Amino acid sequence: MASDYDTQLIESVTVRRSRLLSAFIFGTNPFQQRWLNTLRLLIFGVALAAGIAAACVGYSFISTMLAQADA
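If you read the sequence shown in my numbering, its first letter stands for residue 6, the second for the next number, and so on.
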């Protein structure tokens with residue numbers, strides 16, 4: 006029984022610390038936190054898509070140059 010109380014107390018402290026850290030970083034506006042997280046994911050997705058596109062263009066360029074060198 007004591008173990009359950011200890012576990013519950015530890016989890017409660019962990020959640021409280023997480024909420025305090027979020028409030029300290031993002032302020033009291035929860036909408037701003039969701040907006041910033043969404044914006045961060047959008048920027049990461051655009052950067053990933055740009056990287057994949059650059060890799061495809063680079064591969065195409067190199068394969069074309071090698072094909073022309075063989076001819």
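Derived by calculation from the structure, the hints in this document are not laboratory data.
The model shown is predicted, which means the values in this text are computed figures rather than measured ones.
Each residue gets a CB set at the ideal place from its N, CA and C atoms; glycine is no exception.
Among the hints, erroneous ones may be present.
Beta-carbon label-pair distances, calculated as ranges [as the list claims (entries may be wrong)]:
| hint | residue 1 | residue 2 | range |
| --- | --- | --- | --- |
| 1 | Arg24 | Leu47 | 41 to 47 Å |
| 2 | Val18 | Arg45 | 25 to 31 Å |
| 3 | Ser23 | Leu53 | 41 to 47 Å |
| 4 | Leu44 | Asp11 | 37 to 43 Å |
| 5 | Ala58 | Thr12 | 46 to 52 Å |
| 6 | Tyr64 | Thr12 | 26 to 32 Å |
| 7 | Gly56 | Ile15 | 57 to 63 Å |
| 8 | Leu53 | Ser8 | 21 to 27 Å |
| 9 | Ala55 | Ser27 | 39 to 45 Å |
| 10 | Ala74 | Ala54 | 51 to 57 Å |
- Message: Run through the hints listed earlier and report the numbers of any the structure violates, in increasing order.
- Response: Structure breaks hints 1, 3, 6, 7, 8, 9, 10.
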